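Below are the chains, spelled out letter by letter.
There are 4 protein chains.
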Amino acid sequence: MSARHGFDWDCILASKKRVRACVIGATGYTGIELVGLLSSHQNVELVFATSETYAGQSLSDVAAGAPEIPLIASETASYRDVDIAFLCLPHAAAAPTAVHALESGCRVIDLSADFRLRDPYQYACWYGVEHPAPNRLAEAVYGLTEDVRRRLPETNLVANPGCYATSVLLALRPLLQTDIRIAGPVVVDAKSGVSGAGRAPKVGSLFAEVAENFSPYNIGRKHRHLPEMEQQMASWRSPAPRLIFSPHLLPVKRGILSTLYVPLEQAPPMDELHSRFRESYEGEPFVRVLPLGKLPSLAHVVGSNRCVIGLEQADSTLIVVSALDNLLKGAAGQAVQNMNAMYGWPETTGLPA
Amino acid sequence: MSARHGFDWDCILASKKRVRACVIGATGYTGIELVGLLSSHQNVELVFATSETYAGQSLSDVAAGAPEIPLIASETASYRDVDIAFLCLPHAAAAPTAVHALESGCRVIDLSADFRLRDPYQYACWYGVEHPAPNRLAEAVYGLTEDVRRRLPETNLVANPGCYATSVLLALRPLLQTDIRIAGPVVVDAKSGVSGAGRAPKVGSLFAEVAENFSPYNIGRKHRHLPEMEQQMASWRSPAPRLIFSPHLLPVKRGILSTLYVPLEQAPPMDELHSRFRESYEGEPFVRVLPLGKLPSLAHVVGSNRCVIGLEQADSTLIVVSALDNLLKGAAGQAVQNMNAMYGWPETTGLPA
Amino acid sequence: MSARHGFDWDCILASKKRVRACVIGATGYTGIELVGLLSSHQNVELVFATSETYAGQSLSDVAAGAPEIPLIASETASYRDVDIAFLCLPHAAAAPTAVHALESGCRVIDLSADFRLRDPYQYACWYGVEHPAPNRLAEAVYGLTEDVRRRLPETNLVANPGCYATSVLLALRPLLQTDIRIAGPVVVDAKSGVSGAGRAPKVGSLFAEVAENFSPYNIGRKHRHLPEMEQQMASWRSPAPRLIFSPHLLPVKRGILSTLYVPLEQAPPMDELHSRFRESYEGEPFVRVLPLGKLPSLAHVVGSNRCVIGLEQADSTLIVVSALDNLLKGAAGQAVQNMNAMYGWPETTGLPA
Amino acid sequence: MSARHGFDWDCILASKKRVRACVIGATGYTGIELVGLLSSHQNVELVFATSETYAGQSLSDVAAGAPEIPLIASETASYRDVDIAFLCLPHAAAAPTAVHALESGCRVIDLSADFRLRDPYQYACWYGVEHPAPNRLAEAVYGLTEDVRRRLPETNLVANPGCYATSVLLALRPLLQTDIRIAGPVVVDAKSGVSGAGRAPKVGSLFAEVAENFSPYNIGRKHRHLPEMEQQMASWRSPAPRLIFSPHLLPVKRGILSTLYVPLEQAPPMDELHSRFRESYEGEPFVRVLPLGKLPSLAHVVGSNRCVIGLEQADSTLIVVSALDNLLKGAAGQAVQNMNAMYGWPETTGLPA
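Chains as they are written, first to last, in this note's numbering: chain A, 793 to 1145; chain B, 793 to 1145; chain C, 793 to 1145; chain D, 793 to 1145.
Isolated chain A (complex conformation) (with noise of 0.2 Å):
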């Protein structure tokens, strides 16, 4: 970790000037994993957390290991106090909030889906009900941090992308951002641990329906992080090829694998496709492109802030392997890494590499 070491002149300076923040709806995964990064943040000034069920106990009791944080009720919560606002809330309840914050002068990340996709009628397909706030939609900004950095320091309103997504497009970006000619849909075969089903307790995610069990579910064109996907692919290459996007659930507690067959026309040799991804993330902090005849394992990624990637190739099928921890680059990671760049900070701070 970069502030650790040295002397760290940022580090002292920015004692001076904590941004203060809160996290509504810390009792989650998301939510314990935010408040842990934000609480030994060297930045920020973690002012309070919020919890429906929780309110007046400390997260400490209500999560072991997790820091002592007190929760408070969301109605008690007071944005005018704080300056940016961490929304880790069911879609269609994160909205109106983050409307709240926003009209409170707070600067808003959102890691639920409500401002991912620009377009409300998508919205109410997806999530089988109307956009709470669709004129909000425009200034939203999905980030996927690689992709956006510029654009953050500008921004109030970030939507963080899905845990699936990030893996998918952080493996798709350097094919689609070149001429690579790509020969029909991808199949992306998705592994994820059982926290992305969230802490809310429900018959399938028990420890002994997951444990020594295996499987797959919404496969095909059914998953609601699909459409986000596409709609981000298109932002690269238009038409972007169709994903077959396949999710399955893994007896692990975090780490999504995600397994990408990308049929190429006239691949061009092994060699120069990993040479376009490691240049595609040169300088990157959090992603890393294995050497060739290296895959990435969960093992990589689980409890840092990373992206692994890896190629293999199968006759014209480019393969590519992306793995990420789930609750960190696919959520409360890059929700950090997010807010280090809106306020240009180095990206990497208080984040675990």
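Heads up, a few of these hints could be off.
Copies of one chain are not kept apart here, so a pair can be met inside one copy or by any two copies together.
[As the list claims (entries may be wrong)] Cut-off 20 Å, straight-line C-alpha distance, at most; resulting in silico cross-link-like pairs (PhoX-like, lysine-lysine): (1) 1014 with 1086; (2) 1014 with 809; (3) 1086 with 994.
Since the hints were derived computationally from the structure, they do not count as laboratory data. Everything numeric in this text was worked out from a predicted model, so none of it was measured.
For chain A, the structure is supplied; the task is to place chains B, C and D on it using the hints.
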């Protein structure tokens, strides 16, 4: 399983005298296990299974890999159509159902705690509710099969022992039924898989909470299985030693392993103690005492109806390790074993060795 | 298991014509599973089991919960004392043993790869060693039971299919045996439990490496099960589509789930495709095609000899999900099913449904 | 982490006089953890790390997610280039290396058992080999940091305590350092994650053996951590109570939870006992005593250098539950804490709270 295939006289003869059974509350872990055992039991016809939540569906839709048994609402259950009812209901709900079934001429094996304690006052203390049918307590038999099998043929109401209780009582019985002097309280450090916490969704049973974790709970003298253990111990020796009973939650789906520390006065040599355990369980189909030098693990018992016991000594303390599958010998398996004994069939019928 | 208890004519009659079997290499995961199945199979007498490492011990000492079967050194194995030998040996070691057993008048089911590929040159390419018995290849039958059962009664040498291969081939067979046109390579994204890597200790199979992890390996066209899959596919349709086959290591003990992406030309409606799968496996005791809208998981198959298949569609791509227990239908279970067919017994004899 | 926040002169000054460290035996679980801690420690320059098996590779190739540190063979290690050497070697191999390093003017923290027992005869009894450097035993300090920190600045040879021993000793210290009378042997029922068994491949540590399993081993008075615990206890009270120590293998990667049963004479009220524990560890950065009514779990400690302690009572027996991460406070973390104390840095430097 052999009896299902080919020209099977055994099966044919049995079908003439098949006992008609039902499972009340079939969609918890114990209920699912019981339906599995009963639906392949050669002497049993499983007439119906009930579920409040999932009535109208098939059990196989509710639990992947379970038999395709239709689930009916409990209101539509007719106890006149069955010979025996297995109750997998929460405590306090089981007793009234048991009374209703008994009055319909049905035998009952109750897997809840409702008929385990003979003293309704003690029941009220531990379960926080008045006993729903105190006048039925006298006729209930505490179904630790190895101890009580001779009474089972004439019994119509069996209180199936708790999972922890079975593991502890089988470990202590050879000691308490002899003249070996015990010098103080017996420490029982017990560890159970998560299915013991039931299938009702709660945060503490989620995969992301339990995996890579291990937690003590209700340690000391606070767990509800304590009074049924001490009651049964008192039937073997009076006064019996006090128990200190500390359960812990293991990150496994099923299995209980209890480590008991028994302080002895004038400890006999280990081989003599070992012989007493061996003799005590000689001929038992489902209790196995390992040779000295070997200890049981969950792998010895998961998937079988066995309780496996090993012995070790430290100074004058005898250590007894006792392992069983909480859903089999600790619940559904022992229930079937009890039914077998009630009808005079070989106790092993329909049970995995 | 019912046939073991009581007055069992079935058992008694069977014992007169019991087939004498042995397991060569009984202490790997497949061998342990096979000993378990054979020692409770009503038509089989398990005469001996071998182990190089553990000769002289009981299998129950080597694997907790396994049957108490004495292990002998393979040098002392007499193939004249048995009717059928199951070989659970590494490739290249199995073939010479098979020849020896065949020459002693014994039938052989080989669970290694040695007799799966018809072309010894291809064997040498993939396994890095010259085939030890190329002149025996012609008589070997590739034992995908559902495909080849009519040839099994006259067969003395069965090459039991690989675990991945079984899961993939059962998923593709209904498509390849009809006139449905396939538009390009078939992507197979496969995931296997760790027992598939064998019981020989290596760092990559340690609990602390595998738990909370998930890793791709040998993806693309590099895994040794690829040629046996394409060989079998070519027997159904020529030319068959190419495979892209990407295995991944799952943090579970057992089970394989393969997700296949089949690009179709002029895709028929899903219900028609579904009907073809249903018809193709009608009456099969161990292949189950789920209703449309349902998908298999490992929980559907672990502990059973079943392969469970589900279908989904995305644009013109058919997605087939196929799950089985790698140690049962993927190895020991299919071996017993093959033996049952070789002797004309019901295929389900001695196998968990 | 304290050093990250505020105006940190300590950090600034330290960067000028970095201590040069090496890790001998870097590819076991303790070594990997230690390299991770040292390579991000602000006051340390990790000069080299050794491995017999993997010399020439990078640690990141050997362990996914580990830092990219080149591994050298131990023969090429020059102890003159470093100020402090951390030894992660098997017992009996560590002592000669320690002597060599000490003679080169290097301080040594030995994570093996070689310098833990003061009596070379006892070492020979428990480790089955003569002590390789008995004349160095007198200068070694048993590095239970909380107990011995004042001696560390002048120490050149630290024997880092065993993982089990740390969890047990921190649980007993507040009792043994006061006048509370203990009535008999203390039962310690301990449970450890698999990383405690090391990274050398063996069948018993394979995922398919450990997952869904739980096993006692070396219970009673047979485990090698017993003598170092009783030796340290005797330094606090003489005679100290005997221990009965029963370790069990948990299906988790890391973490130890020990449940101690301490029989008390004339037990003081629980709140008084609790106060003594609180006072005993007041101000300790890495020992936390939970409020009465709360118990630690592995989730409280995995990933942190903390030991978390909870208390419960049953009759006159005090139950102490003590949890820590076996690779951090139980090994590499405590080693770094010891180094921090040796150099007079804040003990928390570079350690996860």
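ask   = From the Cα coordinates, with 20 Å as the cut-off, is the pair residue 1014 and residue 1086 best called within, between, both, or neither?
value = The answer is between: 14 Å across copies meets 20 Å, while 31 Å in one copy does not.
query = Quick one: residue 1086 to residue 994, C-alpha cut-off 20 Å, is that within a copy, between copies, both, or neither?
reply = between (37 Å within a copy, 19 Å between copies)
message = Regarding residue 1014 and residue 809, is the shortest C-alpha distance of 20 Å or less found within a copy, between copies, in both, or in neither?
response = Neither: 45 Å inside a chain and 51 Å across chains, both beyond 20 Å.
When each numbered hint is compared with the structure, a violation occurs for hint 2 only.
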